[in-house]
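> Okay, here's what each chain looks like letter by letter:
Protein chains: 2
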Amino acid sequence: MKNNKLLLILFTTLIGFGSYAQQSLFGGQQIVSPEILPDNSVTFRFMTPNADTVKVTGDFLPTVKIKTERGEFDAPGSALLTKGENGVWSYKTGPLSSELYNYSFIVDGLRTIDPSNPFIIRDVASLTNLFIIGGGQADLYKVMDIPHGTVTRRWYDSPGLKMDRRLTIYTPPGYEKSTEKYPVLYLLHGAGGDEEAWIALGRTAQIMDNMIAQGKVKPMIVVMPNGNVIQDAAPGEGSEGFYKPQFMVPKTMDGTYEANFMDIIKFTEANYRVKADKANRAIAGLSMGGFHSLHISRYFPNTFDYVGLFSAAIMSRDDATGKVYSDFDGTLKKQKDNGYKLYWIGIGKTDFLYKANEEYRAKLDGMGMKYQYVESEGGHIWRNWRVYLSQFAPVLFK
Amino acid sequence: MKNNKLLLILFTTLIGFGSYAQQSLFGGQQIVSPEILPDNSVTFRFMTPNADTVKVTGDFLPTVKIKTERGEFDAPGSALLTKGENGVWSYKTGPLSSELYNYSFIVDGLRTIDPSNPFIIRDVASLTNLFIIGGGQADLYKVMDIPHGTVTRRWYDSPGLKMDRRLTIYTPPGYEKSTEKYPVLYLLHGAGGDEEAWIALGRTAQIMDNMIAQGKVKPMIVVMPNGNVIQDAAPGEGSEGFYKPQFMVPKTMDGTYEANFMDIIKFTEANYRVKADKANRAIAGLSMGGFHSLHISRYFPNTFDYVGLFSAAIMSRDDATGKVYSDFDGTLKKQKDNGYKLYWIGIGKTDFLYKANEEYRAKLDGMGMKYQYVESEGGHIWRNWRVYLSQFAPVLFK
Chain A
0 MKNNKLLLIL FTTLIGFGSY AQQSLFGGQQ IVSPEILPDN SVTFRFMTPN
50 ADTVKVTGDF LPTVKIKTER GEFDAPGSAL LTKGENGVWS YKTGPLSSEL
100 YNYSFIVDGL RTIDPSNPFI IRDVASLTNL FIIGGGQADL YKVMDIPHGT
150 VTRRWYDSPG LKMDRRLTIY TPPGYEKSTE KYPVLYLLHG AGGDEEAWIA
200 LGRTAQIMDN MIAQGKVKPM IVVMPNGNVI QDAAPGEGSE GFYKPQFMVP
250 KTMDGTYEAN FMDIIKFTEA NYRVKADKAN RAIAGLSMGG FHSLHISRYF
300 PNTFDYVGLF SAAIMSRDDA TGKVYSDFDG TLKKQKDNGY KLYWIGIGKT
350 DFLYKANEEY RAKLDGMGMK YQYVESEGGH IWRNWRVYLS QFAPVLFK
Chain B
0 MKNNKLLLIL FTTLIGFGSY AQQSLFGGQQ IVSPEILPDN SVTFRFMTPN
50 ADTVKVTGDF LPTVKIKTER GEFDAPGSAL LTKGENGVWS YKTGPLSSEL
100 YNYSFIVDGL RTIDPSNPFI IRDVASLTNL FIIGGGQADL YKVMDIPHGT
150 VTRRWYDSPG LKMDRRLTIY TPPGYEKSTE KYPVLYLLHG AGGDEEAWIA
200 LGRTAQIMDN MIAQGKVKPM IVVMPNGNVI QDAAPGEGSE GFYKPQFMVP
250 KTMDGTYEAN FMDIIKFTEA NYRVKADKAN RAIAGLSMGG FHSLHISRYF
300 PNTFDYVGLF SAAIMSRDDA TGKVYSDFDG TLKKQKDNGY KLYWIGIGKT
350 DFLYKANEEY RAKLDGMGMK YQYVESEGGH IWRNWRVYLS QFAPVLFK
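Chains as they are written, first to last, in numbering that gives the first Met the number 0: chain A, 0 to 397; chain B, 0 to 397.
Calculated from the structure, these hints are not laboratory results.
It is possible that part of the hints are untrue.
[Said to hold, decoys possible] Residues on chain B that point at chain A, a partial pick, calculated with CB under 10 Å:
(1) G108
(2) R110
(3) F118
(4) I119
(5) L129
(6) H147
(7) R165
(8) E239
(9) N270
[Claimed, not checked] Some chain A residues well away from chain B (every beta-carbon gap over 12 Å; in silico):
(10) D38
(11) T81
(12) P94
(13) V373
(14) Q390
(15) P393
(16) K397
Built from N, CA and C at the ideal position, the CB exists for glycine as well.
Full structure from sequences and hints, please.
In structure tokens, the structure reads:
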């Protein structure tokens, strides 16, 4: 301990350990993938000397139609990598537009993540790698050197569901130092999602930070609860432990969640500095969360001035036992008569819920209930929901 | 929208979409892996009809020696899976002791994660799957149905480093509703880590929740900062965007972090209800974080009553330019003379830093500086650091 000899030995050992760790992580792969080039084309690389075929699949490629016994669906296409020196395969895209993309590799038919890219997103039970092409819309999804809000995972008591439950809350930059009260957006996930969905897949914190810094969005609190009433928290984060998440969780669309939503509002308003009135409450959600938003905003009269239905899974529940779904038309008319600032509907042209939304809009038209409508390209995908959030948030609380 | 026909169509479509999503996720694999059996043996399964060999590697298997040009290291062993029907390979362990384990598969030499298990941990740039065997120590790592603390990712201003930086803070159950002031543990990560390391790999929130509920640990705040002064946040969470993390980050052990640590303490004490005195401050860290804890606790006199060195990367820095490392012996003697409640050293018998810690203990013995010493099995691994936290936390602030 007296001279720098030991220091040198230890540093060498640490570096050796580091190198071993790196090598073991990548199975010896010291390659760069994905490499984003100056023209926004991207090179994917994968090292495997013995494979017959290596493909990359991801949402930067044109979709292909997949037929299942339950119908036809759009799925990401794939592209073949070319084998080069030292067993390194590669594929270079053309210039890509600004977006957050997902991808994975398929090696001799076996799907695998990119061992050179430790950044992944979980969607239901699927893990895919991600990368961002900036210079446009997806600059909103990047962490910029600007003031940042705070993201909190917190447990609240739901008396209605008789459970402690976990939610994710975004508070805007300056919240902690201010004495101001803030408006609240309740932002709901879709089937297969949970309280991690909007913050991870939706890049909510980045979108809010960036648009608040640009002066386009009013500083607000965003509450992202878990809409699966049988869960206390996201898979792996709750008392159920680790299990393979399912797309359809029981009891998510039976009215229980909607009927007990006031537990979440009461918790938020009791624990955060919020403006606790209709003019300062918004509710929005994607797919099943759009369905929830529709019913919650209708069921609790005069509670929300802003409602956002993102690719909403709209379906008539006249027959359902849940009290929430009774008197749909009557309560919707009451919502209309009570007044609101914004009823926002967004859907992609190829979404399998397009027709249901079209019919719902006809219903609203028929009763003279005003709404703002955005029709985008594409289908039932996160790309659209991030865009919808970036279109919906600027209109709120102004 | 008038009857339940549309409802049925939509549900079917949703379920079809879900099935497609599931199938695409798992490449058609609808198998259970890992399956934890009643006797705590575990079956791993992997579906691939065409592979020649499928192995599982993980820390539940005996380690093997790996030779590199820089020395010999312990690495997890591997076991061969046996091919069964329908291309499903499997391997069953014997009964495993209670632990949080990591694993991945090696298919014809290619390392891949388990497509049936969406739960992974990132360590530096490596992703591995995890599972927990309960019934012992690892029950502390599970989310139990008990009161939970809050986990917050928050940005603070570091005037010393001239940056907004991100940290992770755990506040104990009841913090928000109480008017009480709490003691603080500053918990530091190792080389290659960041502000996500202790909360993800270290299961800090679960350990604290469980041990507080058991009455074994005093409710306290745990601050987990980022020790890499060139980063504003963890890889992928900061303004550098997505890049492959390195084990050794520049400037992590040059004194800059230690010299500016007061920024973190000041932020914590200005923003949380804490008892802001020596008797209510603890600092501990693993590996490089142990090195940081050693120097921070010595450099800022009379600041911490509790110091924990977990497998600390102890090395003499008499020659280093950083002011922090000057007068090591003098400041250590001052730390001793000022008094403290606990100086805790833990290390594994096969840790490559064992000898350095032995020499450091001899130095402390020589100067009559008291410490508590725990020698565990194993090496420089997270398994030990979780155990050390569960041994160190109960002694604090009592």
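> Take the hints in turn and mark each one as holding or not.
Going through the hints against the structure:
no.	hint	in the structure
1	G108	holds, 7 Å
2	R110	holds, 4 Å
3	F118	holds, 5 Å
4	I119	holds, 7 Å
5	L129	holds, 7 Å
6	H147	holds, 4 Å
7	R165	holds, 7 Å
8	E239	holds, 8 Å
9	N270	holds, 6 Å
10	D38	holds, 18 Å
11	T81	holds, 18 Å
12	P94	holds, 19 Å
13	V373	holds, 21 Å
14	Q390	holds, 24 Å
15	P393	holds, 23 Å
16	K397	holds, 26 Å
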